[in-house]
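Undergrad: Turn these sequences into a full structure, and let the hints guide you.
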Amino acid sequence: MLNVDLAVIGGGPAGLAAALEARKNGIEKVLILERDKELGGILQQCIHNGFGLHYFGEELTGPEYAERFVEQVEEQGIPYKCDTMVLHLSRDRTITAINRTDGLMKIKAKAVVLAMGCRERTRGALNIPGSRPAGIYTAGTAQRFVNMDGYLPGRKVVILGSGDIGLIMARRLTLEGAEVRMVCELLPYSGGLNRNIVQCLEDYQIPLKLSHTVTNIFGKERLEGVTVAQVDSSRQPIRETEEYVPCDTLLLSVGLIPENELSREAGVPLDRLTSGPIVKETMETCVEGIFACGNVVHVHDLVDFVTRESITAGRCAAEYIRKQKDAGSVPGEDRKTGGSAQDQNKDVAAEAGCQSDGIQTVASDGIKYVVPQYAGRGEHPEGLKLFFRVDGIYRNVRIAVQCDDHEIYSVRKRKVAPGEMETLTLKPELLGDLNTCSELRVELVSQDK
Amino acid sequence: MEERKLTCIVCPMGCQLNVTLNGNTISRVTGNGCKRGSAYAREECTAPRRVLTTTVPVAGGAFPLVSVKTERTVPKEKIRQCMEEIHHIHASAPIRIGDVLLENVCDTNVHVVATRNVPAAGTKAESPKVRNEDRSESMQ
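Chains as they are written, first to last, in the numbering used here: chain A, 1 to 449; chain B, 1 to 140.
Take these hints with a grain of salt, some might be off.
List time: in silico DMTMM-like cross-link candidates among lysine to aspartate or glutamate, alpha-carbon distance up to 20 Å [what the hints assert, rightly or not]:
1. B:Lys-78 - A:Glu-176
2. B:Lys-5 - B:Glu-44
3. A:Lys-415 - A:Glu-443
4. B:Lys-76 - A:Glu-202
5. B:Lys-76 - A:Glu-179
6. A:Lys-413 - A:Asp-365
7. A:Lys-385 - A:Asp-326
8. B:Lys-78 - A:Glu-179
9. A:Lys-156 - A:Glu-176
10. A:Lys-280 - A:Glu-379
11. B:Lys-5 - A:Glu-202
12. B:Lys-78 - A:Glu-379
13. B:Lys-76 - A:Glu-379
14. B:Lys-76 - A:Glu-176
These are computed hints drawn from the structure, not numbers from a lab.
None of these values were measured; they are calculated from a predicted model.
TA: This is the structure in structure tokens:
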């Protein structure tokens, strides 16, 4: 059994920032576990620029952004294990992991940071009918082939989904000599950033077909073509608009899902809206000593926000470890532990733990979700930062925060869209009333009336 | 007189801009919600520029490719030509972030620089702290 103070699962931007921040806060025994062969996570394949504008005040490419953190991890001598797969995490923070040099190992941690990120939705999640030929990839897989391995996945490409990775890949494949025939988006608007629509599609005259989807897939060994159809307002394909588009490659950019198998095994309660762990403002989950940050909690648009959130997780994990040491107790053993995560009542009990410590944040009218889901009742010297997404495109609205039925914050927005994560900070003086408040509700109020 | 439509990318509003061009000079910008929109329209219509990012094969590296970028923006109309020139680069490991791999690409006065470190094959990512021995296996 290997004993550490803090184990960080995942060596991408979230894990790196959390590990560094914990070390800065005096935690010596930190260990990062990464399943890829190097640190940096998905940033290593995101060779385009535009990262770091918020955090570093300059435009970096993905690998450059990652390197700034990897370099510090090296300088600080923070240990990490690459090519290492975490197989299991238990509620008492025992990690089972495996790699080729250490074999199977057990790691006991005083605190754990979950930083596993997210993965892409695949064809299976969409149930597109048709045959099952080669040539159908998620956009991120294609990105890895092109940018890391040096393979072009095909010559004639249709992209389904206008998320940012799909848009970025449309440009990338075009520059490498492929013909991107079109990008289809089921919704009447794109989920990607405007900047990417202009610079990745319009610059290269790639058509963006809104309210369109792929209805059939053809080809035996290799993809030969797809049918594309317009959809009506209830997102059903309109048969008369079906069009056959010959292509050898179909890329899917249809959403990301936080990767929470390990969280579930540890009995960490998840939010159905974010698909990530329910967290407090400290980024601690409802299971004591297990923290989470980055895309494993909710999918971010900008890595800069992942970094900020992960710094909070690292700092609070360090505080937790110190408190446990000061109290002289062995964390985890003063509580009921146990491996049987099948017991669903435990999740409920764990969430009750969250509830007793804090005030729930609630996504109300027009808001899809709010993170963190719980805010502490105590002091908030730096204020309380909320991250949320809206559930559609709205113009001329007010974002309001209600403490029960009393409005404590309001900001006007000319336009909000689900593709752009919103954030607001409640200043400490606004939070004075929190003790008397049973929930914090975030909602959109129309300004037109 | 020529009319052009643009989507402004300065902020998330995404205003639809209408630009009236008189030859190469802009006589009018409408549809912009703020001043920044008209400045964007002016540059975008007269001299659009982009940063180009791509990859270059590496000989003898721990990875088969190195990611690169143009150090600054280059004229948009030269992007394809720049890709051509970059395709002819022969890089060999080790490479450090910021190393110039091609000077003055397509007479733009802009260098093409590496955006990641590529250690030589067989070294352990240049770091004594790397824990696993098998990470240096060449991917070529």
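Undergrad: Does each hint hold? Answer for all of them.
TA: Cross-check of the supplied hints:
The straight-line distance between the Cα atoms of Lys-78 of chain B and Glu-176 of chain A is roughly 15 Å, inside the 20 Å bound, and the hint therefore holds. Between Lys-5 of chain B and Glu-44 of chain B the alpha-carbon distance is near 11 Å, which keeps this suggested pair within the 20 Å criterion. Taken as a hint, the Lys-415 of chain A and Glu-443 of chain A pair is honoured in the structure, with Cα atoms around 14 Å apart against an allowance of 20 Å. The hinted pair formed by Lys-76 of chain B and Glu-202 of chain A meets the criterion: a straight-line CA distance of about 12 Å does not exceed 20 Å.
A distance of roughly 19 Å separates the Cα atoms of Lys-76 of chain B and Glu-179 of chain A; the hinted pair therefore holds under the 20 Å criterion. Taken as a hint, the Lys-413 of chain A and Asp-365 of chain A pair is honoured in the structure, with Cα atoms around 15 Å apart against an allowance of 20 Å. Distance hint between Lys-385 of chain A and Asp-326 of chain A is unfulfilled; the C-alpha atoms sit about 29 Å from each other, more than 20 Å. A C-alpha spacing of about 19 Å is found between Lys-78 of chain B and Glu-179 of chain A, which places the hinted pair at or below 20 Å, so the restraint holds.
With a CA separation close to 12 Å, the supplied pair Lys-156 of chain A and Glu-176 of chain A stays within the 20 Å bound. This hinted pair checks out: Lys-280 of chain A and Glu-379 of chain A have alpha carbons roughly 14 Å apart, not beyond 20 Å. A hinted pair counts as satisfied when its Cα atoms are at most 20 Å apart, and Lys-5 of chain B with Glu-202 of chain A qualifies at roughly 11 Å. With a CA separation close to 56 Å, the supplied pair Lys-78 of chain B and Glu-379 of chain A exceeds the 20 Å bound.
Pair hint Lys-76 of chain B plus Glu-379 of chain A does not hold up; C-alpha atoms about 52 Å apart against a cutoff of 20 Å. Taking the CA atoms of Lys-76 of chain B and Glu-176 of chain A, the gap is about 16 Å. The hint holds against a cut of 20 Å.
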